[in-house]
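For the record, the sequence lines run as chains A and B.
For the first sequence, the working numbering begins at 1 and goes up steadily by one.
For the second sequence, the working numbering begins at 1 and goes up steadily by one.
Incorrect hints may appear among the rest.
[Unchecked claim] With a Cα cut of at most 25 angstroms, we get these calculated BS3-like pairs of lysine-lysine:
id, chain 1, residue 1, chain 2, residue 2
1, A, K76, A, K60
2, B, K184, A, K182
3, A, K86, B, K182
4, B, K76, A, K184
5, A, K86, B, K184
6, B, K86, A, K76
7, B, K76, A, K182
8, A, K76, A, K86
9, B, K184, A, K76
10, B, K60, B, K76
11, A, K184, B, K184
12, B, K76, B, K86
Quick caveat, the hints were computed from the structure, so don't treat them as lab data.
Number of protein chains: 2
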Amino acid sequence: MRVSVPLRRAYKLINHGPTTLITSRAEDRRNVMTAAWVMAIDFEPARVVAVIAADTFTRKLVEVSGEFAVNVPTAKMLDVVYAAGKVSGEDEDKLTSLALATSPASIVGAPLLEGCAAWLECRIVPEPQLQERYDLFVADVVAAWADDASFVESTWRFERDEDRTLHHLSGGVFLTSGDIVKAKS
Amino acid sequence: MRVSVPLRRAYKLINHGPTTLITSRAEDRRNVMTAAWVMAIDFEPARVVAVIAADTFTRKLVEVSGEFAVNVPTAKMLDVVYAAGKVSGEDEDKLTSLALATSPASIVGAPLLEGCAAWLECRIVPEPQLQERYDLFVADVVAAWADDASFVESTWRFERDEDRTLHHLSGGVFLTSGDIVKAKS
């Protein structure tokens, strides 16, 4: 079940470095893009950075709307995660062609993808120079959600292999999140 | 064995989101700091961003030297990775107190940590506003290295559990990198 995550803890959803799907919407167009280069940069305010290349359709939608959503897909979604990174959404609605079910976000216009492990609704902090020079977008997390089957007591506990997160290596090859280990305190 | 990685492929060393150890050196002082918030942002030039908080000793050394090294530790180093994130290096040489063996980097002054899976030597691209506002450092990767027991033919293949990378959840709890999965092309 999708449950709300306090913004102070939103970083925990992506702290282990999963590959994400960025969704976006502007006017009557929407898109989804695979993005490995998304990272938390602050707890409070909850803040992330994301690389969104200049030649992508997502970049256009994000620049118009000032918003996007970070969806954290599971291993079950492996083929879709790979496919969403290979085709542009300029000429087709990728959410339709990839048969991705969505539900509305609570604050941003970008849709949230069903079946993911976590979701971060993000509003851009305008940094034109940074966007131009490095394709890097700073964004405040304005709402955060997790699947409470895997995110339990503010930490990840993956029960089944198909629930694990994906971590991109190259081409269609990914690592999944592995075992939990605990350091001596 | 530590082997050179072409800069064009340096991003692959951290693309799966491992927690890292940032080493630094300036004048006669050096330090090591656990850092989960390090990410590739470009292939060519090979470039990363790293969050280095304003109140850390690493920040001082990095601002003086303009350099740092990103070390990718293995599960075998779990206790050290956790410990290096808990204490400041201002009053003690953490590399000594944590018994971390080092070797010289090829270009930067920061030491490289023995036993890691990969190393990125980084030179800061000055972005004072970004550093001040977000504690975010952009850096060019000027040399990259990997342990060829785990990084084979430009991709990660962890043979033993103790060789896997660590991905921080919270406190002393980490996920290790898991199984390899391949998408349908």
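For the pair supplied as a hint, A:K76 and A:K86, is the alpha-carbon distance within the 25 angstroms limit? 18 angstroms, holds
Is the hinted pair A:K86 and B:K182 satisfied, with a Cα-Cα distance of at most 25 angstroms? 15 angstroms, holds
For the pair we were handed, B:K76 and A:K184, check the Cα-Cα distance against 25 angstroms. 12 angstroms, holds
Starting from B:K76, check that the Cα of B:K86 is at most 25 angstroms away, please. Distance of about 18 angstroms is within 25 angstroms: holds.
Can you confirm whether the C-alpha distance between B:K76 and A:K182 stays at or below 25 angstroms? Holds - the C-alpha atoms of A:K182 and B:K76 are around 12 angstroms apart, at most 25 angstroms.
Satisfaction of hint between A:K76 and B:K184, Cα-Cα up to 25 angstroms: Distance ~12 angstroms between B:K184 and A:K76 Cα, so the pair holds.
Please verify whether A:K86 and B:K184 have alpha carbons no more than 25 angstroms apart. Holds, because 12 angstroms separates the two Cα atoms, which is no more than 25 angstroms.
Hint check: A:K184 vs B:K184, CA-CA at most 25 angstroms. Holds or violated? With a Cα-Cα distance of about 40 angstroms, the restraint between A:K184 and B:K184 is violated, given a limit of 25 angstroms.
CA of B:K184 to CA of A:K182, is that 25 angstroms or under? With a Cα-Cα distance of about 34 angstroms, the restraint between B:K184 and A:K182 is violated, given a limit of 25 angstroms.
Between A:K76 and A:K60, is the straight-line Cα distance small enough, at 25 angstroms or below? Measuring from Cα to Cα gives roughly 29 angstroms; hence the hint is violated.
Do the alpha carbons of B:K86 and A:K76 lie within 25 angstroms of each other, as the hint requires? 36 angstroms, violated
Given the hinted pair B:K60 and B:K76, is their Cα-Cα distance within 25 angstroms? 29 angstroms, violated
Comparing the model with each numbered hint stated earlier shows that hints 1, 2, 6, 10 and 11 do not hold.
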